[in-house]
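*Asks:* The residues making up each chain are set out below.
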Amino acid sequence: MSETQPLLELRGINKSFGVVHVLHDVDLTIYPGQVTALVGDNGAGKSTLVKAIAGIYPIDDGEYRFDGQPVNVHGPKDASGLGIEVVYQDLALCENLDIVENMFLGREMKNGPLLDETTMESKAREVLASLSVRTVKSVRQSVASLSGGQRQTVAIAKSALWNSKVVLLDEPTAALGVAQTRQVLDLVRRLADSGVGVLLISHNLTDVFEVADRITALYLGRVAADVATKDVTSRQVVELITTGRSSDVDGPAATAKV
Amino acid sequence: MTDIITDSEEAGFASDRTQSHTLGEAFQAYVNRVRGGDMGALPAILGLIVLFIVFGLANDRFLSALNMANLITQAGAIIVLAMGLVLVLLLGEIDLSAGFTGGTSAAIMGLAIADKGYPWGVAVLAGVVAGAFIGLLIGLLVSKLGIPSFVVTLAFFLGLQGILLKLIGDGGSVRVDQEVIRGITKNNVPVMWGWIFAVVIIAVFAALSLRSHRIKVAKGLQHQPLAVVIARIAVLAVILLAVTYVLNLNRAPNPGFVIEGIPYVLPLVIALLILLTFVLSRTSYGRHIYAVGGNPEAARRAGINVDRIRISVFVLGSSLAALSGIIAASNLGKVSTSSGGSNTLLYAVGAAVIGGTSLFGGKGKALDAVIGGLVIATIANGLGLLDQASYINFLVTGGVLLLAASVDAITRRRRSATGLG
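Residue numbers (this note's numbering), protein chains in the order written: chain A, 2 to 259; chain B, 6 to 426.
A few of these clues could be false.
[Said to hold, decoys possible] One-sided excerpt, in silico: chain A residues whose CB lies under 8 Å from chain B:
hint : residue
1    : A93
2    : C95
3    : G107
4    : K111
5    : P114
6    : E122
7    : S139
These aren't lab readings, by the way, just hints derived from the structure by calculation.
We put the beta carbon where it would ideally sit given N, CA and C, even for glycine.
Kindly generate the complete structure, drawing on both the sequences and the hints.
*Replies:* Right under this line is the structure:
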């Protein structure tokens, strides 16, 4: 599948905070229609990498290519302008607003000076239906009344609303039960199947093996491996996460230069 | 991929019904919402009805047309101040200085007319601009320096008393006898125009409600049954026509005189109510106010300029406080050094909370201020008629406020238990 043109490509990204060198020559590729899992232990640099992609942290050096073109991303606005959406772990939904209001928050559709509620409700309904979201009773129910899984669903659907090309998901299943995790993973798969490039950050290898097409493992700020999911076993990925190398992985860049 | 979403869950989206089919179902849904803790203004409306019955039985003058007109002029200033506080409370902030903002603005308006001889329009504008400026300062201190609004407005509460003293002079007062200003509370809309206003408002409300209902049905969006829409129009019509009828009666205590018509303050309050309701529920600015009140971090990430919303809300709130001060001055005929002091502010906060606005932010409507303000004014008015010592008035008002705050806290807990918004 790697012959398709990558949507987002990072080459040799470095990022330091003062004397702390957090990311060393990191390469990352996200393909359209694929779920790329970003795994790594605490402190491996996953969050920093996501924030660098989202434009929250400026990168020190390295190449940021989007759709094959080199781009400069200096802030969150640049990233969302390219079609990159981030769903953070704490979701950022307003509990006092309903689902439609949350999905369009900050980007309300208007009819002159007035809110265009009818179009917003139709579009929200359309997006939820296209992602086969079935667990939401009504698009006009307030977010406070939703379960954790449903909130995650709304947050992901919100990111799909804007014809986004790349969606970064930060630990979407971290706080969910078994059935809810199932629903969210199905949603992630459907999102990718619709042609979006998805980057899934997760600690849970079961989830990763279930839904990801490729796995990028970070170890102490370096890429330990970038492999197709079908080529590795769970044990090998654990080795990559904990030691940065695995004896029998034969993907490209199988070991990090520690 | 195995799919363990069960059939019943599959049907979950099918139950995204765009309509509660019958009036009965809609009523049942409403009962469920109330039992789940989403009461809105219901306790305040019930309280108002109880108060009217109790005071009506206790004193036969309470329900007279003269007293109803009095009640409305007394409630006017409280309601307008409470509207400003509803906006501030929506953000989860508080404005303790709103009372003295009103007093100071009214003093500036009074002095502009009495000392400088400016026309009333310029004087009112000067008062409102002064209020807006005070709000701007508060908003900047709260949002840019990050001082809690409780502390900032406590400082303004003290400071503005000083400014009011300096403007008016120790123990003095400014007479407000300009005809138009006095007329806000003392003059009445001609009977004919009163009826026309009432009918026009009902007709416009009915037309807009029915139109929006038709569009929602046509596009297959979520909507209420037609019967509920019509019931709502009917309730509005009955209330407006009844109020207009009572206020259009001749209420002069002495035969030979004629006092009739709606006091001008009522159309003023209604205009503000419509304007604020419109801004809060139909514009993205209003939506952003709710968002900042509900979750400022989510609002910030959604690209909303949270500081700008905070500052603008304090400016609006203080401008409404200025208007309220002017209405109070119109009713009293003067501005004194204690204008906007004592319990003015607490009455207004009480009105907002009694009406159903949450002290915790993110929940409230402009209508809350009107209903809550009527409750507060009714208590003061009714107890006054019963010749009760003023200590009773304080005790009862305090008790009602405590009751309202308890309702807010309890429903909030229930809401989080049942998961309603």
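*Asks:* Taking the hints in turn, state whether each one holds.
*Replies:* Structure-based check of each hint:
At about 4 Å, the closest approach between the beta carbon of A93/A and any beta carbon in chain B falls short of 8 Å, and the interface hint on this residue holds. Against a cut-off of 8 Å between C-beta atoms, the interface hint on C95/A holds, since the closest Cβ of chain B lies about 4 Å away. Because the beta carbon of G107/A sits about 3 Å from the nearest beta carbon in chain B, less than 8 Å, this interface hint is met. Given hint, K111/A at the interface with chain B, holds; its Cβ is 7 Å from that chain's nearest Cβ, closer than 8 Å.
The closest approach between the C-beta of P114/A and any C-beta of chain B is roughly 6 Å, which is under the 8 Å cut-off, so the hint is satisfied. Interface restraint check for E122/A: the shortest CB-CB distance to chain B comes to about 5 Å, inside 8 Å, so the restraint holds. Of the supplied interface hints, the one on S139/A holds, with its beta-carbon coming within about 5 Å of a beta-carbon of chain B, less than 8 Å.
The structure fails none of the hints (numbered hints given earlier).
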